[in-house]
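Student: Working from the sequences, and respecting the hints, build out all of it.
With the sequence shown counted from 1, adding 210 to any position gets you the working numbering.
No lab work stands behind these hints, which were simulated from the structure alone. Source: prediction; values computed, not measured. Backbone N, C-alpha and C define an ideal beta-carbon position, used for all residues, glycine too. A couple of the hints might just be wrong.
Label-pair ranges, simulated between beta-carbon atoms [unchecked claim]:
1) R548 with E414: 32 to 38 Å
2) L410 with G501: 37 to 43 Å
3) A546 with T276: 25 to 31 Å
4) P516 with A402: 37 to 43 Å
5) A402 with P230: 27 to 33 Å
6) T378 with G251: 37 to 43 Å
7) G419 with P379: 27 to 33 Å
8) A402 with T276: 47 to 53 Å
9) T276 with R399: 51 to 57 Å
10) A249 with I500: 15 to 21 Å
11) G515 with G380: 32 to 38 Å
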Amino acid sequence: MSPSPHLPAPISLATWQQGPHNRYTAGRMREVVPTARVAAGCHPIPLPDGEPLTLDLPVASPSSGTTTVADIVARTCTDGLIVVHRGTVRHESYPGDLTPDRPHMLYSVSKSIIGVVAAGLVADGHLDVDGLITAYVPELASSGYAGARVRDILDMRSGIRFSEDYLTPGSDVSQVDQAVGWAPRGDDRAPASLYEYLTLLRAERPHGGPFTYRSCETDVLGWVCERAAGERMPELLSRRLWSRVAEQDMDAAVDRGGAVFFDGGLAATLRDVARFGELVRRDGGPQNRIGLVPAHWIEDCLTGGPDSRQAFADDPSDMGLLPGGMYRNQFWVPYAERRVLLCLGIHGQMLYIDFDNEAVVAQLSSWPVPIQEDHLQDAFAAVETVIAAL
Numbered sequence: 211m212s213p214s215p216h217l218p219a220p221i222s223l224a225t226w227q228q229g230p231h232n233r234y235t236a237g238r239m240r241e242v243v244p245t246a247r248v249a250a251g252c253h254p255i256p257l258p259d260g261e262p263l264t265l266d267l268p269v270a271s272p273s274s275g276t277t278t279v280a281d282i283v284a285r286t287c288t289d290g291l292i293v294v295h296r297g298t299v300r301h302e303s304y305p306g307d308l309t310p311d312r313p314h315m316l317y318s319v320s321k322s323i324i325g326v327v328a329a330g331l332v333a334d335g336h337l338d339v340d341g342l343i344t345a346y347v348p349e350l351a352s353s354g355y356a357g358a359r360v361r362d363i364l365d366m367r368s369g370i371r372f373s374e375d376y377l378t379p380g381s382d383v384s385q386v387d388q389a390v391g392w393a394p395r396g397d398d399r400a401p402a403s404l405y406e407y408l409t410l411l412r413a414e415r416p417h418g419g420p421f422t423y424r425s426c427e428t429d430v431l432g433w434v435c436e437r438a439a440g441e442r443m444p445e446l447l448s449r450r451l452w453s454r455v456a457e458q459d460m461d462a463a464v465d466r467g468g469a470v471f472f473d474g475g476l477a478a479t480l481r482d483v484a485r486f487g488e489l490v491r492r493d494g495g496p497q498n499r500i501g502l503v504p505a506h507w508i509e510d511c512l513t514g515g516p517d518s519r520q521a522f523a524d525d526p527s528d529m530g531l532l533p534g535g536m537y538r539n540q541f542w543v544p545y546a547e548r549r550v551l552l553c554l555g556i557h558g559q560m561l562y563i564d565f566d567n568e569a570v571v572a573q574l575s576s577w578p579v580p581i582q583e584d585h586l587q588d589a590f591a592a593v594e595t596v597i598a599a600l
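Tutor: Below is the structure:
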């Protein structure tokens, strides 16, 4: 694929997620890999315009000192930014190649969406968070997931051995990319599908212990949800969620066998990402609820279990993410003292849901590498500044 004179070389499976190519492909996933349609409905959550908010707000950038939110947005490869306050759009911009009607890759923001699908299945009695994973997916009985509960994968606390090192060839997360067709297969004997790969994972410690971020947990959760519902994820996600909140269809990447790449393969428009955030914010509040996500589930996300914060602090990978925070039900919970949920994806995807300030901020980006600490720190600082200005 050689779609643009601005790109230095043709795009291939080996390069499409790397900069500068991803500035083009982040908004054109369906042109690179197979996708399934997740249908929207006819009555999306309204997002009327509100009073415009300037981005010329001073902010203390952790990487470069005093600057403005606008400057951070400009230099962190932002493709789209939207700020919603009390249900109205205060800011919406598309600094990159993205357009309002084009789905953008969400990467691990996908995890929180799958988590909300699971919430609905639990509420309807189709899924038991204390149930064994193998009760839903017996194919995993010979894998390391034997004995793990649904709660363990919701909170990424299984004992599975899995390397989330995006830049190391041969790491587990890179093998997942190969299995789903997002990267060239290095070996013809390697797993040729997501489900085959998951059956080969092994445990390194007891389930239910410390938190460790592992994308494979969401892939197992998606498989469990499909079995619990008796329905493929594109239809399940549309029926239970997307058709009731979104304006545009979502793209869901699928592997060679048609299985959805649950942990990072969803793509949606910027406004529809904000609508998902609004759904969670409103259903977690006392008024103006939409009624798709149980309020007690969102409260459980915010408060966690009795040992959730300690399990997060005991993370053996020592990633040092969000000190004092936790991970619950496929959401990051950054603060102990504030009611905020966070969805994060590599290459600069962020959805920030602030219940106390009635605000949602969605930022979609195309960082040239999966993780850039300076960009992430600046993005947090910019969002906090925007929230304070509302």
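Student: Is 25 to 31 Å respected by the C-beta to C-beta distance linking A546 and T276?
Tutor: Distance hint for A546, T276 holds at roughly 28 Å.
Student: Measuring from beta carbon to beta carbon, are A402 and P230 in 27 to 33 Å?
Tutor: holds, 30 Å
Student: 27 to 33 Å was suggested as the range; check whether the CB atoms of G419 and P379 agree with it.
Tutor: For P379 against G419, whose Cβ atoms are near 29 Å apart, the range 27 to 33 Å holds.
Student: Indicate whether the distance between the beta carbons of A402 and T276 respects the range 47 to 53 Å.
Tutor: Given a distance of about 52 Å, which is inside 47 to 53 Å, the answer is holds.
Student: Quick check on a hinted range of 15 to 21 Å for A249 and I500, using CB atoms only.
Tutor: holds, 18 Å
Student: Taking the CB of R548 and the CB of E414, does the distance hold inside 32 to 38 Å?
Tutor: Distance hint for R548, E414 holds at roughly 34 Å.
Student: For the range 32 to 38 Å, tell me whether the beta carbons of G515 and G380 fit it or not.
Tutor: holds, 35 Å
Student: Has the hinted range 51 to 57 Å been met by the Cβ atoms of T276 and R399?
Tutor: Because 55 Å falls inside the window, the suggested range holds.
Student: Quick check: does the Cβ-Cβ distance between L410 and G501 fall within 37 to 43 Å?
Tutor: Roughly 40 Å apart at Cβ, these two residues keep to the hinted range, so it holds.
Student: Do T378 and G251 keep their Cβ atoms within the hinted range of 37 to 43 Å?
Tutor: Between T378 and G251, where Cβ atoms are some 42 Å apart, the hint holds.
Student: Given the hint of 37 to 43 Å, is the C-beta distance from P516 to A402 inside that range or not?
Tutor: Once the Cβ atoms are compared, 42 Å apart, the range 37 to 43 Å for A402 and P516 holds.
In summary, this structure violates none of the numbered hints.
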